[in-house]
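Here the structure of chain A is known, so what remains is to put chain B in place on it, guided by the hints.
These protein sequence lines are chains A and B, in that order. When we follow the UniProt record's numbering, the leftmost residue of the first sequence carries the number 1, and every step to the right adds one. When we follow the UniProt record's numbering, the leftmost residue of the second sequence carries the number 1, and every step to the right adds one.
Simulated from the structure, these hints should not be mistaken for laboratory data. Where is the CB? At the ideal position from N, CA and C, for every residue including glycine. Check each hint, because a few of them may be wrong.
[Unchecked claim] Pair ranges (Cβ atoms, derived):
no., chain 1, residue 1, chain 2, residue 2, range
1, B, 88, A, 280, 24 to 30 Å
2, B, 177, A, 287, 32 to 38 Å
3, A, 41, B, 203, 44 to 50 Å
4, A, 295, B, 5, 58 to 64 Å
5, A, 95, B, 88, 44 to 50 Å
6, B, 264, A, 280, 48 to 54 Å
7, A, 68, B, 88, 18 to 24 Å
8, B, 263, A, 5, 35 to 41 Å
9, A, 14, B, 213, 55 to 61 Å
[Claimed, not checked] Chain B residues, not near chain A, derived (Cβ > 10 Å throughout):
no., residue
10, 54
11, 108
12, 109
13, 110
14, 147
15, 150
16, 211
17, 214
18, 225
19, 249
20, 273
[To be verified] If the Cβ cut is set under 10 Å, some of the chain B residues that face chain A in the computed set are:
no., residue
21, 7
22, 45
23, 51
24, 82
25, 84
26, 227
27, 235
28, 238
29, 239
30, 255
31, 270
32, 272
33, 280
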Amino acid sequence: MPGAAPDLRTALGGADLPNPVLTAAGCAGSGRELAQFFDIARLGAVTTKSVMLEARAGRPAPRMAETPSGMLSAVGLQGPGVDVFLQRDLPWLISRGGRAAVSVAGGTPAEYAEVAHRVEEAGGASLIELNLSCANPADQGRHFAVDPDAAAGVVAAVRARLSGGVPVFAKLSPDTADIVALAKACVQAGADGLALINTVRGMAIDTATMRPAVAGGGGGVSGPAIRPIALGCVYDVHAALPDVPLIGMGGVHAGTDVLEFMLAGASAVAVGTANFHDPSACVRILREFTEALDEHGIARAADLVGGAHRPIGAALGR
Amino acid sequence: MSDLGPVQMRSPVLTVRRVDAYVAITVVAPGVAERFRSGQFVSVAVGGDQSSMLLRRPFAVHDVKPDHGGTVEFRFAVRGQGTAWLADRRSRDLLDIVGPLGRPFPLPRDPVNCVLVGGGSGSAPLFPLAQALRRRGCRVDFVIGAASADRVFGAIGARRVAETATFTTDDGSFGVRGTVVDALPGVIEDARSDVVYACGPMPMLREVSALAANFGVPVQVSVEEAMACGVGVCMSCVLPVVGDDGITRMARSCVDGPVFRGERVRFDDVGAIPFDALGAPGWKSVEQGAQDDAVAEREVS
Numbered sequence: 001m002p003g004a005a006p007d008l009r010t011a012l013g014g015a016d017l018p019n020p021v022l023t024a025a026g027c028a029g030s031g032r033e034l035a036q037f038f039d040i041a042r043l044g045a046v047t048t049k050s051v052m053l054e055a056r057a058g059r060p061a062p063r064m065a066e067t068p069s070g071m072l073s074a075v076g077l078q079g080p081g082v083d084v085f086l087q088r089d090l091p092w093l094i095s096r097g098g099r100a101a102v103s104v105a106g107g108t109p110a111e112y113a114e115v116a117h118r119v120e121e122a123g124g125a126s127l128i129e130l131n132l133s134c135a136n137p138a139d140q141g142r143h144f145a146v147d148p149d150a151a152a153g154v155v156a157a158v159r160a161r162l163s164g165g166v167p168v169f170a171k172l173s174p175d176t177a178d179i180v181a182l183a184k185a186c187v188q189a190g191a192d193g194l195a196l197i198n199t200v201r202g203m204a205i206d207t208a209t210m211r212p213a214v215a216g217g218g219g220g221v222s223g224p225a226i227r228p229i230a231l232g233c234v235y236d237v238h239a240a241l242p243d244v245p246l247i248g249m250g251g252v253h254a255g256t257d258v259l260e261f262m263l264a265g266a267s268a269v270a271v272g273t274a275n276f277h278d279p280s281a282c283v284r285i286l287r288e289f290t291e292a293l294d295e296h297g298i299a300r301a302a303d304l305v306g307g308a309h310r311p312i313g314a315a316l317g318r
Numbered sequence: 001m002s003d004l005g006p007v008q009m010r011s012p013v014l015t016v017r018r019v020d021a022y023v024a025i026t027v028v029a030p031g032v033a034e035r036f037r038s039g040q041f042v043s044v045a046v047g048g049d050q051s052s053m054l055l056r057r058p059f060a061v062h063d064v065k066p067d068h069g070g071t072v073e074f075r076f077a078v079r080g081q082g083t084a085w086l087a088d089r090r091s092r093d094l095l096d097i098v099g100p101l102g103r104p105f106p107l108p109r110d111p112v113n114c115v116l117v118g119g120g121s122g123s124a125p126l127f128p129l130a131q132a133l134r135r136r137g138c139r140v141d142f143v144i145g146a147a148s149a150d151r152v153f154g155a156i157g158a159r160r161v162a163e164t165a166t167f168t169t170d171d172g173s174f175g176v177r178g179t180v181v182d183a184l185p186g187v188i189e190d191a192r193s194d195v196v197y198a199c200g201p202m203p204m205l206r207e208v209s210a211l212a213a214n215f216g217v218p219v220q221v222s223v224e225e226a227m228a229c230g231v232g233v234c235m236s237c238v239l240p241v242v243g244d245d246g247i248t249r250m251a252r253s254c255v256d257g258p259v260f261r262g263e264r265v266r267f268d269d270v271g272a273i274p275f276d277a278l279g280a281p282g283w284k285s286v287e288q289g290a291q292d293d294a295v296a297e298r299e300v301s
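With the rest of the complex left out, here is chain A (with noise of 0.2 Å):
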């Protein structure tokens, strides 16, 4: 017999959310396109588009390519920049009752800092993420994301420019040596959590042009392919700061992914590639994810954070 509606709120180092099911940056715009199909304020929140300071019109076509349970893309970032973004974008997204995480990428630390400066004088946004995969030219051109120091460096960049209203959350990649010693720097650096996984790096060759599929040399790997590894990343990252709150992703279709997320240490779950097979995944997944519980006669979905990680039979908040 079903008790009462399970509780599926969830906190964000200071952003409350109504329950955990996020869309991923760059997977669904700013809400618009999806509100075709659903109300998008039934969302955890929209993760925004990684907006930069200036309009960028990203990489050349072809973009993706389908891979086995994956897709591998490489859009490079195509967006209006930040001020369109705030005048137009996020406003709607308020306005239909939306939260929003407002992704942003920069050139530099001092661009990201910039951008989310403006985000956080705009008001709207319930947290701010970093996607910290983007070309560092004082470093190569080597993501942000590879290297502890880089990534701190744009955290504390971006700290020093907020009054400390919006949670700052860094988006890390796998693609790195220590994912762990990746997590504590920005942590250090002043990040009130982590969201994790960004694509892997991959490649697809179109055996007709004998070419790669994508243009510019490769891609960003995502889709149910992916889910072991940012599994992975996440269980580690929880393991090692038990109390940093994380964003979990990477390959997200159904309900019971979210659960496998938050039992490895995720108290919210974004839902990306999904989204492309089906403009109404999200909605979907919250509605497997919510019968799940049910079925498990669990009544607090943050009871479920890490649960993976505590001995056997210890109290799953039933």
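Just chain B now, kept in the frame of chain A:
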């Protein structure tokens, strides 16, 4: 949730037919059918619920009928695993359909002469367009090209709806040997065409657009770019298009298109980021450029 926006439905398959080199699938999709305007497309999930193929396949709508509350037909050539899976569907199987998507063909207000140019399976969206134009009293002429006879799309339908229908094949196995671009000038002259509509491969659209410009005739093209989501969020299907303000943007063919004014598409730069596109490396806004120029002038003087 706007009445004009797309809907997502699990649509039963009515029929799967082989038509020459193509497969034609008709699904019962009343919500899509009632919203549809010619030039729009549907996207279809392939491989079933546990599919390892995550990208929806976009298909131009070839026909819409009021039967069973509303049916939608799309045609395709089997090219890979996804289309092979679709071709194996049977009647009453369910397909996850989203549509109608994209900007439709704009229709002329007056009963003018229209020539419709299609290449390969790219001819598909021109058939509902032809019907819409005929309902407005427009004259319709078809020029349809393909590599070979079995790939000529909808010859019978074209003859039925159009004043004239010209066919071209690369190998001469059907109609005139050559391409639609060879045949088009004669058709424009004979039919005194006022408007050109075209759909097909990018090189064909480029040549048709150039030709229409030479004749001083407006041209609407429907592009066939590879898409991932079809609804405007993934930013995969971009191409450089000049806006009303004269600025080139990397436009999404799924929501900003697939129909564009031919002269606005920068065909020579498809697959590249033009240096003067909004946000291209080194790009600066007109205002910023003017400011820089002013500064430079002051420094010089």
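Structure-based check of each hint:
{"no.": "1", "hint": "B:88 to A:280: 24 to 30 Å", "in the structure": "holds (25 Å)"}
{"no.": "2", "hint": "B:177 to A:287: 32 to 38 Å", "in the structure": "violated (58 Å)"}
{"no.": "3", "hint": "A:41 to B:203: 44 to 50 Å", "in the structure": "holds (46 Å)"}
{"no.": "4", "hint": "A:295 to B:5: 58 to 64 Å", "in the structure": "violated (34 Å)"}
{"no.": "5", "hint": "A:95 to B:88: 44 to 50 Å", "in the structure": "holds (45 Å)"}
{"no.": "6", "hint": "B:264 to A:280: 48 to 54 Å", "in the structure": "violated (33 Å)"}
{"no.": "7", "hint": "A:68 to B:88: 18 to 24 Å", "in the structure": "holds (20 Å)"}
{"no.": "8", "hint": "B:263 to A:5: 35 to 41 Å", "in the structure": "violated (56 Å)"}
{"no.": "9", "hint": "A:14 to B:213: 55 to 61 Å", "in the structure": "holds (58 Å)"}
{"no.": "10", "hint": "54", "in the structure": "violated (5 Å)"}
{"no.": "11", "hint": "108", "in the structure": "holds (29 Å)"}
{"no.": "12", "hint": "109", "in the structure": "holds (29 Å)"}
{"no.": "13", "hint": "110", "in the structure": "holds (33 Å)"}
{"no.": "14", "hint": "147", "in the structure": "holds (16 Å)"}
{"no.": "15", "hint": "150", "in the structure": "holds (21 Å)"}
{"no.": "16", "hint": "211", "in the structure": "holds (25 Å)"}
{"no.": "17", "hint": "214", "in the structure": "holds (28 Å)"}
{"no.": "18", "hint": "225", "in the structure": "violated (7 Å)"}
{"no.": "19", "hint": "249", "in the structure": "violated (8 Å)"}
{"no.": "20", "hint": "273", "in the structure": "violated (5 Å)"}
{"no.": "21", "hint": "7", "in the structure": "holds (8 Å)"}
{"no.": "22", "hint": "45", "in the structure": "holds (6 Å)"}
{"no.": "23", "hint": "51", "in the structure": "holds (8 Å)"}
{"no.": "24", "hint": "82", "in the structure": "holds (8 Å)"}
{"no.": "25", "hint": "84", "in the structure": "violated (14 Å)"}
{"no.": "26", "hint": "227", "in the structure": "holds (9 Å)"}
{"no.": "27", "hint": "235", "in the structure": "holds (5 Å)"}
{"no.": "28", "hint": "238", "in the structure": "holds (6 Å)"}
{"no.": "29", "hint": "239", "in the structure": "holds (7 Å)"}
{"no.": "30", "hint": "255", "in the structure": "holds (7 Å)"}
{"no.": "31", "hint": "270", "in the structure": "holds (7 Å)"}
{"no.": "32", "hint": "272", "in the structure": "holds (5 Å)"}
{"no.": "33", "hint": "280", "in the structure": "holds (4 Å)"}
Consistency note: the structure conflicts with the earlier hints numbered 2, 4, 6, 8, 10, 18, 19, 20, 25.
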